[in-house]
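There are 2 protein chains.
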Amino acid sequence: MKGNIIVGQSGGPTAVINSSLAGVFSAAKELGVKKIYGMHHGIQGFLAEDIVDLSEYVKNDADVEILKRTPSAFLGSCRYKLPKIEGNEEVYDKMFEIMDKYEIECLFYIGGNDSMDTIKMLSDYAAQKGKKQRFMGVPKTIDNDLPITDHCPGYGSAAKYIAASLKEVIRDNSSFGIEKPTVLICEIMGRHAGWLTAAAALSRDEDCEGPDLIYLPEKVFDYDDFLARIKDLSVKKSSVVVAVSEGVKLADGRFVCELGGGADFVDAFGHKQLSGCAVTLANKIAADTGLKTRAIEFSTLQRAGTHIASLNDINEAFNVGHLACRAADEGKTGMMITIEVTKRSPYEVTYGIHDIHQIANVEKPVPAEWISEDGTDVLQGYVDYARPLILGELTPLMVNGVPKHLVLKRDTYR
Amino acid sequence: MKGNIIVGQSGGPTAVINSSLAGVFSAAKELGVKKIYGMHHGIQGFLAEDIVDLSEYVKNDADVEILKRTPSAFLGSCRYKLPKIEGNEEVYDKMFEIMDKYEIECLFYIGGNDSMDTIKMLSDYAAQKGKKQRFMGVPKTIDNDLPITDHCPGYGSAAKYIAASLKEVIRDNSSFGIEKPTVLICEIMGRHAGWLTAAAALSRDEDCEGPDLIYLPEKVFDYDDFLARIKDLSVKKSSVVVAVSEGVKLADGRFVCELGGGADFVDAFGHKQLSGCAVTLANKIAADTGLKTRAIEFSTLQRAGTHIASLNDINEAFNVGHLACRAADEGKTGMMITIEVTKRSPYEVTYGIHDIHQIANVEKPVPAEWISEDGTDVLQGYVDYARPLILGELTPLMVNGVPKHLVLKRDTYR
Chain A
1 MKGNIIVGQS
11 GGPTAVINSS
21 LAGVFSAAKE
31 LGVKKIYGMH
41 HGIQGFLAED
51 IVDLSEYVKN
61 DADVEILKRT
71 PSAFLGSCRY
81 KLPKIEGNEE
91 VYDKMFEIMD
101 KYEIECLFYI
111 GGNDSMDTIK
121 MLSDYAAQKG
131 KKQRFMGVPK
141 TIDNDLPITD
151 HCPGYGSAAK
161 YIAASLKEVI
171 RDNSSFGIEK
181 PTVLICEIMG
191 RHAGWLTAAA
201 ALSRDEDCEG
211 PDLIYLPEKV
221 FDYDDFLARI
231 KDLSVKKSSV
241 VVAVSEGVKL
251 ADGRFVCELG
261 GGADFVDAFG
271 HKQLSGCAVT
281 LANKIAADTG
291 LKTRAIEFST
301 LQRAGTHIAS
311 LNDINEAFNV
321 GHLACRAADE
331 GKTGMMITIE
341 VTKRSPYEVT
351 YGIHDIHQIA
361 NVEKPVPAEW
371 ISEDGTDVLQ
381 GYVDYARPLI
391 LGELTPLMVN
401 GVPKHLVLKR
411 DTYR
Chain B
1 MKGNIIVGQS
11 GGPTAVINSS
21 LAGVFSAAKE
31 LGVKKIYGMH
41 HGIQGFLAED
51 IVDLSEYVKN
61 DADVEILKRT
71 PSAFLGSCRY
81 KLPKIEGNEE
91 VYDKMFEIMD
101 KYEIECLFYI
111 GGNDSMDTIK
121 MLSDYAAQKG
131 KKQRFMGVPK
141 TIDNDLPITD
151 HCPGYGSAAK
161 YIAASLKEVI
171 RDNSSFGIEK
181 PTVLICEIMG
191 RHAGWLTAAA
201 ALSRDEDCEG
211 PDLIYLPEKV
221 FDYDDFLARI
231 KDLSVKKSSV
241 VVAVSEGVKL
251 ADGRFVCELG
261 GGADFVDAFG
271 HKQLSGCAVT
281 LANKIAADTG
291 LKTRAIEFST
301 LQRAGTHIAS
311 LNDINEAFNV
321 GHLACRAADE
331 GKTGMMITIE
341 VTKRSPYEVT
351 YGIHDIHQIA
361 NVEKPVPAEW
371 ISEDGTDVLQ
381 GYVDYARPLI
391 LGELTPLMVN
401 GVPKHLVLKR
411 DTYR
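Residue numbers (our numbering), protein chains in the order written: chain A, 1 to 414; chain B, 1 to 414.
Treat each hint with caution, since some may be false.
[Unchecked claim] Computed beta-carbon distance windows for the label pairs:
| no. | chain 1 | residue 1 | chain 2 | residue 2 | range |
| --- | --- | --- | --- | --- | --- |
| 1 | B | 379 | A | 129 | 57 to 67 Å |
| 2 | A | 129 | B | 227 | 42 to 52 Å |
| 3 | A | 179 | B | 348 | 41 to 51 Å |
| 4 | A | 352 | B | 224 | 55 to 65 Å |
| 5 | B | 84 | A | 254 | 45 to 55 Å |
| 6 | B | 228 | A | 330 | 52 to 62 Å |
| 7 | B | 180 | A | 89 | 22 to 32 Å |
| 8 | A | 399 | B | 340 | 26 to 36 Å |
| 9 | B | 362 | A | 289 | 29 to 39 Å |
| 10 | A | 368 | B | 236 | 49 to 59 Å |
| 11 | B | 236 | A | 340 | 25 to 35 Å |
Hints in this document: simulated from the structure, not taken from any laboratory. From a predicted model like this one, the values you see are computed outputs, not experimental measurements. Even for Gly, the Cβ is constructed at its ideal location relative to N, Cα and C.
So that you can see chain A by itself, here it is in the shape it has in the complex (with noise of 0.2 Å):
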């Protein structure tokens, strides 16, 4: 590759997204590839020219090291959407020259859903107006829900913190109720789908029962069913536990947030803002029931916990970062790199690419023969399909007592 190259990273970070930067860093080192440049809050930065080099920051591999250990996005995030190109081609000539002024030749997008409309979107204008520059697609997010490719970078990580967090209140929450029980409500993220929801029964095992219940957003919530479900388990066990996505919904299509009169806004995405599912449950089958009710939110935790990250995810996500910039010198656009998992025990993967017009804007949910027919657990199928996805650690680099990261010093002020 004879131009530079930029990279970027948009929508929720995860707790390995920065280990797909260095992925598609290091193989960009190893092509001598000559500037390696950073968006500095994705699109959106890129489009006010705030533009870092990224090897004034990452200078050497203990760097490479403690990025792949770094949670959050480096270089910041954005939640801009780019517009429909109709109408708007100023927007894209201004990206385009701004391309030309850095002497990029390739462009790569770290992300969800509307990344890979993003990619999409690039590539398109840049076939319509004969442009040569290259955009790659490269998947994050923690909720799972690309299509292709069998799972996506990040979520193994957010679904190990998952089972090993519950796990734990799991424990913390039996330690009480010798005259009546706690039911303890842990809400976990997911708008649309349950992937990450699900990952509650990753905490099962011999040593824990896990959830009683887990609720996805897939299947329709019955209030009435849940509170009957919850008398039953309060007279048989010292603690309730229940999973549940944020996402859930009524049979008339309100959220259960909704239930207590939750406001709700919605985010540049058009995606509803959601909070407040589990306190919704905890205060509505307290009042309901008399018992002790707790609700906890895992909330960014979830999402941050590189500390705790699975090994298969962030050698995965170093992996598809790396790929990227492989298959962008080699001429490939408008592409995103897929996961396969050609054995799922013991696990081994290869690693696909794709037209990113079929992965934009389509979004995965849980199988519906993953998903018990009342709707309040998961099924062993994706447990075998998950399991591999948390397993291994990556010792963090603890310094006084806390894991170290690597920082965009920038950003911490405006």
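Position chain B relative to chain A; hints supplied.
For chain B alone, coordinates are given in the frame of chain A:
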């Protein structure tokens, strides 16, 4: 020691309370104690004669190691408070009757202020009635509010969890904020003492600016001043982070969570049950400034996070358990093992033993000289005190991608 021993765990669990159990168990094994009993759910279970033979569950050295890595109270906990002796002799007589039946020579209670009160009452009763049994307290509390001892086992690991997790969510929070910052408010446990919230300062290092504001319950919380500070920070920074204790109060004595009209109730020990202080502040700040806000409550995650426990803490927890057993063997009663720090850096500790009467029911707040005058931060004196307590890690035993725990099977179903 000719007789048997019994050990119980009480109050809120910690990440290392089982390491103290392992310490008592190991010392008793070394002393050749015949039967090492455990109370299932503390004194409350003991009074119901719900007693287990620990050797049936902790079978070998590997089990001891897994026990040290298991969060929450292995034996189950309780919040039962012994009634005052006068007029309630029948409760005490029953306790001693059961001890006689099981030929128990020494009773160990691992817990905080309320548990030390139990040891005081039992040893007072034994002294009054000329009973031969001995009673030893083993300190445990994430709250770190026991007097005499330099710090309490359980605190270091919770502090490490808080510092490490806060570092991660601070990175996450700083990933957006290109247009306007997100105000992240993290709620940390601690009803009366701000020790845990102070640990938020331990996230600060060259790679992390730490929280912008830290509010302990030792100081009155002024919402108007807080609002002014948030407004000021939000024009200077791309990410604003606040650490706040669940126990902070307004000048009129109400808890901050009551700003939003939140309900509260009183538990068996007369403590107000609190929640939602961060959510209350996040909602109010959003309404008053239009800024995007997010609330995270570390909840029981912070006391159950054994996977990132402090090695110093695990070892000290083990040692206080071990030494309590040794001291009882030497004839001591009505006392608690204490930790004395002889040097902060490099860290050196020794252990002492102290009369329980000066410990029970006394709460140690964060010293005023470690809190900034404006009440929005903690000072270097605290950091110097707390840093060694979070140092070191004990690798979890990872099985199927999650930490392995030792579990009392009978605790699952009632």
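The hints, checked one at a time:
1. 379(B) with 129(A): 57 to 67 Å: Holds, since residue 379(B) and residue 129(A) (Cβ atoms, about 60 Å apart) stay within the stated range.
2. 129(A) with 227(B): 42 to 52 Å: 50 Å, holds
3. 179(A) with 348(B): 41 to 51 Å: Given range 41 to 51 Å: holds, Cβ gap about 44 Å.
4. 352(A) with 224(B): 55 to 65 Å: 58 Å, holds
5. 84(B) with 254(A): 45 to 55 Å: For residue 84(B) and residue 254(A) the Cβ distance comes to about 52 Å; the hint holds.
6. 228(B) with 330(A): 52 to 62 Å: 57 Å, holds
7. 180(B) with 89(A): 22 to 32 Å: 29 Å, holds
8. 399(A) with 340(B): 26 to 36 Å: 27 Å, holds
9. 362(B) with 289(A): 29 to 39 Å: 38 Å, holds
10. 368(A) with 236(B): 49 to 59 Å: 50 Å, holds
11. 236(B) with 340(A): 25 to 35 Å: Violated, at about 47 Å.
Violated hints amount to a single one, hint 11; each of the other numbered hints is respected by the structure.
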